[in-house]
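**Student:** In case you want the letters, here they are:
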Amino acid sequence: DIVMTQTPLSLPVTPGAPASISCRSSQSLLDSHDGNTYLDWFLQRPGQSPQLLIYTLSYRASGVPDRFTGSGSGTDFTLKISRVEAEDVGVYYCMQRIEFPWSFGQGTRLEIK
Amino acid sequence: QVQLVESGGGVVHPGRSLRLSCAASGFTFSNYGIHWVRQAPGKGLEWVATISHDGTHESYADSVKGRFSISRDNYAITVYLEMNTLRSDDSAVYYCAKERTDTSSSAIASWGRGTLVTVSS
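Chains E and C supply the protein sequences, listed in that same order. Going by the numbering used here, the first sequence opens with residue 1, and the numbers climb by one from there. Going by the numbering used here, the second sequence opens with residue 114, and the numbers climb by one from there.
Hint data in this document are derived by calculation from the structure and do not stem from the laboratory. The beta carbon of each residue, even a glycine, is placed where N, CA and C say it ideally should be. A hint or two may mislead.
Beyond 12 Å from chain C on every Cβ pair, some chain E residues (computed) [what the hints assert, rightly or not]:
#, residue
1, P50
2, K80
3, E85
4, S103
Here are the simulated DSS-like cross-link-like pairs (lysine-lysine), alpha carbons at most 27 Å apart as the crow flies [said to hold, decoys possible]:
#, chain 1, residue 1, chain 2, residue 2
5, E, K113, E, K80
6, C, K156, C, K178
7, E, K113, C, K156
8, E, K80, C, K156
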């Protein structure tokens with residue numbers, strides 16, 4: 001099974017500053033047949049259900065601001081927030097779906113300083 | 114507007130069974146794969162199970178394989194999660210979630226609000 005590892009686990013950020021979360025998979029998430037990398041990012045705000053931010057490595061989900069960017073390749077991935085806002089507080093999860101069982105990272109808690 | 118409403122959670126003794134339901138609306142249910150994802154209190158997300166749009170393919174997390182069974186009724190527009198031989202570490206909020214597109218194994222894009230399962234003697 002694929003293991004997903006996120007760093008850091010906690011991320012205090014000043015409003016307006018950039019933020020970056022890393023995610024590493026134990027196996028490549030690149031599908032050699034179609035060229036897609038099956039890595040998604042979710043945000044779970046306090047008291048809410050998770051929401052999809054980024055799918056298939058770098059595609060922003062509907063309604064997601066362009067300050068969120070997904071990048072990476074193979075086994076190393078990054079979610080970047082260009083300028084953190086108060087509404088970005090919550091726990092961020094990466095997830096692989098190249099093979100079953102799908103698996104999430106442990107989560108990164110972003111808080112405002 | 115996509116809606117997923119989970120029900121069936123509650124308190125159950127270890128070793129007993131429980132069936133969760135996920136009622137869907139706002140989309141063509143029979144075209145989409147559905148997943149269950151759980152979250153133990155204060156913990157992260159854990160993918161549990163999935164069923165394909167037509168019910169012909171299922172997959173499970175290792176932690177529930179052989180104990181949990183996912184099924185769907187495309188006429189009743191409902192997905193079920195039958196949970197047997199429950200253990201204390203199955204205690205969690207269980208979310209029902211829908212894939213983004215009708216392509217197989219697309220990203221999880223819509224989530225319900227969850228139903229809480231507590232396994233305790």
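**Student:** Each of the hints needs a verdict: does it hold here or not?
**Tutor:** Verification of the supplied hints:
Interface exclusion of E/P50 from chain C breaks down, the closest Cβ pair being 6 Å apart, not more than 12 Å. A cut-off of 12 Å between C-beta atoms confirms that E/K80 is not in contact with chain C; the least separation is 19 Å. The beta carbon of E/E85 is kept farther than 12 Å from every beta carbon of chain C, the shortest such distance being approximately 22 Å. Annotated as non-interface, E/S103 brings its C-beta within 12 Å of a C-beta of chain C; the closest such distance is 6 Å.
A threshold of 27 Å between alpha carbons decides the hint, and for E/K113 with E/K80 the separation of about 18 Å falls inside it, so the pair holds. Taking the CA atoms of C/K156 and C/K178, the gap is near 21 Å; set against the 27 Å cutoff, the hint holds. At roughly 23 Å between alpha-carbon atoms, E/K113 and C/K156 fall within 27 Å of each other, so this suggested pair holds. A hinted pair counts as satisfied when its Cα atoms are at most 27 Å apart, and E/K80 with C/K156 qualifies at roughly 23 Å.
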